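Heads up: take any position in the sequence shown, counting from 1, add 43, and you land on this note's numbering.
It is possible that part of the hints are untrue.
Stated by the list, open to error - 16 Å max Cα-Cα, derived EDC-like pairs, lysine to aspartate or glutamate:
(1) K264 - D202
(2) K103 - D80
(3) K318 - D143
(4) K269 - D296
(5) K253 - D208
(6) K223 - D129
(7) K166 - D129
(8) K114 - D80
(9) K237 - D175
(10) K246 - D208
(11) K269 - D287
(12) K280 - D148
(13) K180 - D202
(14) K246 - D285
(15) K299 - D283
(16) K280 - D328
(17) K195 - E242
(18) K264 - D296
(19) K246 - D294
(20) K66 - E224
(21) K106 - D143
(22) K223 - D208
(23) K264 - D285
(24) K269 - E220
(25) K166 - E242
(26) K264 - E224
(27) K280 - E245
(28) K271 - E323
To be verified - If you anchor each label on the Cβ, the simulated ranges turn out as follows:
(29) E323 - V157: 21 to 29 Å
(30) R169 - P314: 17 to 25 Å
(31) K271 - D210: 23 to 31 Å
(32) P307 - Y260: 16 to 24 Å
(33) S122 - D210: 21 to 29 Å
In short, the hints are calculated from the structure, not lab data.
Note that the structure is predicted; figures quoted are calculated from it, not measured.
Ideal Cβ placement from N, Cα and C applies to all residues, glycine included.
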Amino acid sequence: MLWVVVTLSNTYNYTVKQAVVFKNVPQQRAFHSLQADTVNVMEKGTGWQMLLSKMRPENKQVKVDLRTLDKENYIVLSSQLTAINDTKDVANKIISFSPDTLFFDFSNRSTKRVPVQLSASLKYQRQFAQSDNVVIKPAYVTVSGPSSSIDKITIWKTDSVSLKDLDETVNSQVNLEAAKEGNISIYPKSVWVKIPVNEFTEKTIEIPVKLVNNYNYLNVKVFPLKVKVTFTTSLNKYADMDGDLFEADADLDMWKKYNYSTLPVMLTKLPEFCKVVKIEPRNIDFIIKK
44 MLWVVVTLSN TYNYTVKQAV VFKNVPQQRA FHSLQADTVN VMEKGTGWQM LLSKMRPENK
104 QVKVDLRTLD KENYIVLSSQ LTAINDTKDV ANKIISFSPD TLFFDFSNRS TKRVPVQLSA
164 SLKYQRQFAQ SDNVVIKPAY VTVSGPSSSI DKITIWKTDS VSLKDLDETV NSQVNLEAAK
224 EGNISIYPKS VWVKIPVNEF TEKTIEIPVK LVNNYNYLNV KVFPLKVKVT FTTSLNKYAD
284 MDGDLFEADA DLDMWKKYNY STLPVMLTKL PEFCKVVKIE PRNIDFIIKK
């Protein structure tokens, strides 16, 4: 045991693999790293520090300053050794890197605005549900980077939001999903999100039935002329729900093509966030006068 303690107390040079993290990214030039996103780092420390370095994830990053990429297409890591060590634990000082020079490929940089998409998993209390469209401010964010990458971006998602037992409107600041590529930047980094939530109840109204696909303009009478539609709606919209917001069709093609003796009623217009419970009757009778 004494030998182990003495041996681990000695000083050694040892190599560990660390991820490269960029800072001060050039704003006028889009870049792409030509090597892996990790480097082999030689550190100097005791045997104890060598063992602990495998168990300290906070020390497994090398923060590389890209300020000089405005004029050059490479970065020499050893020239930033002092600055990099200043961000490290005193006990894990870096001696050298392999590779010591990082090379970059440059392309045209472009910028565009894309809509933000909420990424969420929402569960509600009984009789509660989303009652209106989600509001995101700002609704668009600005992304910039290599043209080849930016051209493929059509939306930008938020970080995943998971909420349970909702019974009231949600107002929250949500971070945007981080860019998967280091040469893509996004502004702003977060958005304000409003998810309207309200209690729902049932309502029943009568809606006239419209006959469709009467190509030959036959004299057709349908019975009944109206159907009762029962649906769920939020309490704050209950009074505004009337027949003008709905449309019910009966398709005469069901008789012409399939010889139906009654016509099924289909709702072709329905307010958002309403859910149909039942339609009475579901099928209507018809008479064709020659």
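Here's how the hints hold up against the structure:
Of the pairs offered as hints, the one joining K264 and D202 is violated, with about 55 Å between alpha carbons and a cut-off of 16 Å exceeded. With a CA separation close to 12 Å, the supplied pair K103 and D80 stays within the 16 Å bound. For the proposed pair K318 and D143, the alpha carbon gap of about 63 Å is over 16 Å, so the pair is violated. A C-alpha spacing of about 20 Å is found between K269 and D296, which places the hinted pair above 16 Å, so the restraint is violated.
Of the pairs offered as hints, the one joining K253 and D208 is violated, with about 41 Å between alpha carbons and a cut-off of 16 Å exceeded. For the given pair, K223 sits about 27 Å from D129 by alpha-carbon distance, which is inconsistent with the 16 Å threshold. Proximity of K166 to D129 is assessed by CA-CA distance (about 47 Å); at most 16 Å being required, the pair is judged violated. Among the hinted pairs, K114 with D80 is inconsistent with the structure: their alpha-carbon atoms are about 22 Å apart, more than 16 Å.
The straight-line distance between the Cα atoms of K237 and D175 is roughly 10 Å, inside the 16 Å bound, and the hint therefore holds. The suggested pairing of K246 with D208 is violated, with an alpha-carbon distance near 24 Å, which exceeds 16 Å. Simply put, K269 and D287 have alpha-carbon atoms about 13 Å apart, close enough for the 16 Å limit, and the pair holds. Restraint check for K280 and D148: not satisfied, since their Cα atoms lie roughly 57 Å apart, outside the 16 Å limit.
For the hint pairing K180 with D202, the CA-to-CA distance comes to about 15 Å; that is within 16 Å, so the pair holds. The straight-line distance between the Cα atoms of K246 and D285 is roughly 10 Å, inside the 16 Å bound, and the hint therefore holds. A threshold of 16 Å between alpha carbons decides the hint, and for K299 with D283 the separation of about 38 Å lies outside it, so the pair is violated. For the hint pairing K280 with D328, the CA-to-CA distance comes to about 33 Å; that exceeds 16 Å, so the pair is violated.
With a CA separation close to 40 Å, the supplied pair K195 and E242 exceeds the 16 Å bound. With a CA separation close to 15 Å, the supplied pair K264 and D296 stays within the 16 Å bound. About 26 Å separates the Cα atoms of K246 and D294, which puts this hinted pair outside 16 Å; it is violated. Taken as a hint, the K66 and E224 pair is honoured in the structure, with Cα atoms around 13 Å apart against an allowance of 16 Å.
Our distance criterion of 16 Å between C-alpha atoms is met by K106 and D143, whose separation comes to about 14 Å. About 32 Å separates the Cα atoms of K223 and D208, which puts this hinted pair outside 16 Å; it is violated. For a cut-off of 16 Å, the pair hint linking K264 to D285 is broken: about 25 Å separates their Cα positions. Restraint check: the Cα-Cα separation between K269 and E220 comes to about 50 Å, which exceeds 16 Å; the hinted pair is violated.
Distance restraint check for K166 and E242: the Cα-Cα separation of roughly 13 Å lies within the 16 Å cut-off, and the hinted pair is therefore satisfied. Among the hinted pairs, K264 with E224 is inconsistent with the structure: their alpha-carbon atoms are about 64 Å apart, more than 16 Å. The straight-line distance between the Cα atoms of K280 and E245 is roughly 12 Å, inside the 16 Å bound, and the hint therefore holds. Only pairs whose Cα atoms come within 16 Å are accepted, and K271 paired with E323 is accepted, the gap being roughly 5 Å.
Taking 21 to 29 Å as the suggested C-beta distance range, the pair E323 and V157 does not conform, at roughly 46 Å. Checked against the given bound of 17 to 25 Å, the beta carbons of R169 and P314, roughly 22 Å apart, stay inside it. Here the CB-CB span from K271 to D210 is close to 30 Å, well matched to the stated 23 to 31 Å. Range check, P307 to Y260: about 22 Å between beta-carbon atoms, so the 16 to 24 Å window is met.
For S122 and D210, the hinted distance range of 21 to 29 Å is not satisfied, since their beta carbons lie about 58 Å from each other.
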